[in-house]
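Could you build the full structure based on these sequences and the hints that come with them?
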Amino acid sequence: MIREDLGKKLLFFDGGMGTLLQAKGLKPGELPETWNVDHAGDIIGIHQAYIEAGSDLVLTNTFGANALKFCRDDYPLEKVVQSAVSHVKEAARRAGREREVYTALDVGPTGKLLKPMGDLEFEAAYEAFRQVMIYGERAGADLIHIETMSDTYEIKAAVLAAKENTRLPVFVTAIFDERKKLLTGADVPAVVSLLEGLRVDALGINCGLGPAQMLPILEELRTYASIPLIVKPNAGLPRQKGKETFYDVLPQDFAQTMQTVVEKGAAVIGGCCGTTPEHIRSMIQVCKGMQVKPTEKKAFTMVSSYGQAVVFGKDSKIIGERINPTGKKKLKQALKEHNLDYILKEGILQEEKGAHILDVNVGLPDIDETKMMVEAVQGLQSVTSLPLQIDTVDIRAMEAALRIYNGKPMVNSVSGKQESMDAVFPLVAKYGGVVIGLTLDEAGIPQTADGRVEIAEKIIREAEKYGIEKKDLVMDVLSMTISSEPQGAIVALEALRRVRKELGVHTVLGVSNISFGLPCRPVINSHFYTMAMYSGLSAGIVNPCSEDMMKAYDAYHALLCLDENCSRYVEKYGALKVVSGLGSAADTGGDAAGSAGPGGSVSNFGKSGSQPMSLQTVIEKGLKEEAGSITASLIGKEKPLDIINRWLIPALDQVGKGFEQGTVFLPQLLMSAEAAKSAFALLKQEIEKSGASEEKKEKVALATVKGDIHDIGKNIVKVLLENYGFAVIDLGKDVPPKTILKVVKEEGIRLVGLSALMTTTVVSMEETISLLRREAPECRIMVGGAVLNQEYADQIGADFYGKDAMQSVYYAQELFSHEKQ
Amino acid sequence: MDQLTKEAIRYLGYGRHAVDDQTLKLVADSFWNLQTVISRKSVYRIFALERADEEQVQFENVEIHSRNLGKNLAGCEKIVLFGATLGIETDRLISRISKMDMAKAVVLQACAAALLEEYCDACQRQIAEELREEGYFLRPRFSPGYGDFSIQYQQMMVQMLDTAKKIGLTLTEGCMMAPSKSVTAVIGAGKSHLACHRQGCEACSKKDCIYRRDTL
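Read top to bottom, the protein sequences are chains P and L.
Anchor point for the first sequence: position 518 equals 518 in the working numbering, and the numbering is continuous, going up by one each time.
Anchor point for the second sequence: position 210 equals 210 in the working numbering, and the numbering is continuous, going up by one each time.
The hints are simulated quantities; they were obtained by calculation from the structure and are not laboratory data.
Hints should not be assumed to be uniformly reliable.
To be verified - DSBU-like cross-link-like pairs, simulated, lysine-lysine; straight-line CA separation at most 35 Å:
#, chain 1, residue 1, chain 2, residue 2
1, L, K104, P, K689
2, L, K206, P, K657
3, P, K24, L, K191
4, L, K166, P, K430
5, P, K621, L, K207
6, P, K699, L, K104
7, L, K25, P, K621
8, P, K180, L, K25
9, P, K24, L, K166
10, L, K104, P, K332
11, L, K207, P, K298
12, L, K71, P, K624
13, L, K207, P, K345
Claimed, not checked - These stretches of chain L come out as covered by chain P in the derived footprint (C-beta under 8 Å, 3 or more residues):
#, segment
14, 78–92
15, 102–112
16, 154–166
17, 178–191
To be verified - Some, not all, of what chain P presents toward chain L, calculated at C-beta under 7 Å:
#, residue
18, K112
19, T184
20, D187
21, A443
22, I712
23, T760
The C-beta atom is built at its ideal place from N, Cα and C for all residues, glycine as well.
What follows is the structure, given as structure tokens:
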């Protein structure tokens, strides 16, 4: 069996298929899989040549045989796959070889990009792979080789399809470029984390590069990976001479470099584009009998996103805690209103402040947590490459998030309760992840460090049963507030030390719990944070927007020689003058962080001795920070509504007029809008504080239509409408007509704005309009986008065509003012 | 002002108007941010052109119906299929900045477009050099979506060039490119050296477009 030989005995794959088929007459653009049916003899001949050259593993001619790439009614997929598998078996029979030839079902990418960056649903990719894999196993394939992949997300869909629907071993190889990255941005540790988390049998590199260029990537793979490695280079780089494409590494040279590849630790080798039976024969002649240098087990605790991995080490990692509604009024409201943007901004802000991982908790009693969790995870993964920490007690939400997460996430959390371990460990075993173990069990939280260490041991033992190694566990020894548990800090610190030292497991802690119920919490929190890091805290779940916490973090790393030459410290603090009490005012650990501090900074602008500018002027000029600080200084002197009417509205009108006349341009219009937005945000807080309810806003729903993934135009309109006092319900991009209708009905929307970029997507705009006309005739529809004009808009039945963003604002104003009268 | 900045400003719709310092600073910042995320990649293949007139363009087993393209390729013996992209990280950056600052987002968008054009020009010069050795001269590149050359032909281009695998360029159902800062184009090559003034932008029939090059 292949699993028994893998990693112990050097195994040989075959070489290129495409280049050989082209030589036999395959046309550019023609689907090679049709040849399984029409040119069976040629396909069998190629397989046979490889088997005679000495290949142990032969790939079926099914690289593009998935429903998304291969859609030909005249060639039923099952038949194509079945004949492909039988061709390898037939070739092996004809070659009459003694030793076993394994038939590897070749599975290549779909050629589509998955959401959120493309338009292919994760589950649609899964479905396409599932089909071909079931056919392959049924036809008698011995293993599945997922290859030539460029996207970790697509890899995950393919591996899940293989694991959930077949019992076959799974090999995965991806294309890395010279930067040691996939086309979609993933680096080596990110790919290794994901694939080992999903428990594939072997992983590696194929295509893209020649053998020599693959050596540095192989070396990095060996640094991080613990499972057998596969290397399948091209025969060098493709060159075009006239009509011919040729590859510049000859069989003997290929063979020599492959010898080095084996010496450097590959366990399975073969060739990709441009390699021929001659390349493979030479390679096997040179490498036959070589020992496999086994991949050593690594102890790295790694989590990853689509792009990068975070490897736990000597320094302490920051897990941003702000996406968690507990005690956060604004986030609660955002969740209730389904305001995804608010969550994404919190994520970006924390990354900018230095977080390494983001905790994501969207649990509220009255929302659909599973749905919200999935949206939050996908949304965050379209704006940040930080790994995420899935934080929920709802097992359904946890599984849904683990499934659609692109990478290997942190999982928050499992506890020492049997019930919790029974539910969480199977998910971690299946999807991969680093799971936080809470040191509490059925009997509650032990009062002593001993008790907590014992529970940690119990969790480790139970995890082992699922094949979850220690490196994929991180213990939370729990910080209990010292206001009610006098020994809370002492016990936690001792438990930290012991779990790290005695159990050799990384640790995590929700640091700020320690001060619950005490005044001026940042003082206690930041000092406890330092003590915890010194006691072995691998990752603190903290608020990276808190200056006190970040100061503690930065100082600790400078002091313990974890910040080389104190360079990060100097960069961050070098320009700062020490002012007593600096920065602590806004540091309440709750919602206030991130908002502008009162007063103080107003004197910062107009530095050159010129007259200070008015609020109206700074907004017209689009100066965002100044708009915030001047507004803050005006609050208290003038009523919020007066500030709006006296300064903000005239500024916006002025800029809007200029835009229409062609003296102000889009970037300036938007800079003003952003400046006004920061002023409005402060005024809104003020109005809420005074207890007065805000003026009721008219709702406008905006969407980029189904099939369209460009949303910049819609986002421009959104910013402007919000400035003019409309409540915008942003439905996002690629929105099906039904979703728009549903929101219109539920929210009683009177005006919908639709955006489409291209002629191909105006069709779905038209569909949306006709659906709305039928089901919600009272709703008005305005449209905009690059290909539209008045004529086109009339033709598809829109009420209004906005040639630019301001026009839609004017239309909305006119529409609702009419209605008021 | 360098050429890239000028192009970015044109995409922002400034036409002949003076540009304010605030916007110029945003442009400079945007180019700086983009440098760290863009990953330029391109691919091309050269085919013998079998027919190119106003009725039909034909090569390999491909047929294209487009008057404008037929005109563009008239008199050519070869056709180059070309694809290029700045990579998906560019989209992520724009998407991220859209959440924080729309002014910056539109400027990033324009700067990325300018970088992409510059890159395509550089690639084209290289292809021109290579073909020059064989005695061929290149015509201006012509993309699906120009004139009556339907964007549906992008599917053929993506398939013939295998762009998904080679450079990560994919199409959505609606024929949009992902990554969005990508180009597919055909370039004709003929034995005669024609002075071609009518390039993609100038050849367009939308005469009142504020982004138009030849009115600036």
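Next item on the list: Measure nothing beyond the straight line between the CA atoms of K24(P) and K191(L); if it is 35 Å or shorter, mark the hint as holding.
Entry: holds, 31 Å
Notebook entry, point to check: Would the stated hint for D187(P) survive a check requiring a Cβ distance to chain L of less than 7 Å?
Noted result: With a closest approach of 12 Å, the D187(P) hint is violated.
Check: Straight-line Cα separation of K166(L) and K430(P) no greater than 35 Å?
Finding: holds, 31 Å
Notebook entry, point to check: Under a C-beta cut-off of less than 8 Å, do 3 or more residues of the segment 78–92 of chain L approach chain P closely enough to confirm the stated coverage?
Noted result: holds (count 5)
Checklist line | Per-residue hint verdict: I712(P), partner chain L, C-beta under 7 Å | finding: holds, 6 Å
Next item on the list: Measure nothing beyond the straight line between the CA atoms of K104(L) and K689(P); if it is 35 Å or shorter, mark the hint as holding.
Entry: Given that 35 Å is the threshold and the Cα spacing comes to 32 Å, the pair holds.
Next item on the list: With a cut-off of 35 Å on the C-alpha distance, tell me whether K104(L) and K332(P) pass.
Entry: Distance of about 29 Å is within 35 Å: holds.
Next item on the list: Decide if the proposed pair is consistent with the structure: K206(L) and K657(P), CA atoms, cutoff 35 Å inclusive.
Entry: Within the cut-off at roughly 26 Å; holds.
Checklist line | Restraint check, 7 Å cut-off on beta carbons, for K112(P) near chain L | finding: Given a least distance of 5 Å, the restraint on K112(P) holds.
Check: Count the residues of the segment 154–166 of chain L with a beta-carbon closer than 8 Å to any beta-carbon of chain P: does the count reach three?
Finding: Answer holds; 6 residues pass the 8 Å Cβ test.
Note to self: Between the alpha carbons of K25(L) and K621(P), is the straight-line distance 35 Å or under?
What the structure shows: Satisfied, since the Cα-Cα distance of roughly 13 Å is no more than 35 Å.
Check: With 7 Å as the cut and Cβ atoms as the points, is T184(P) at the interface with chain L?
Finding: Nearest chain L Cβ about 5 Å off; hint holds.
Checked against the numbered hints above, the structure violates hints 11, 12, 13, 20, 21; every other hint is satisfied.
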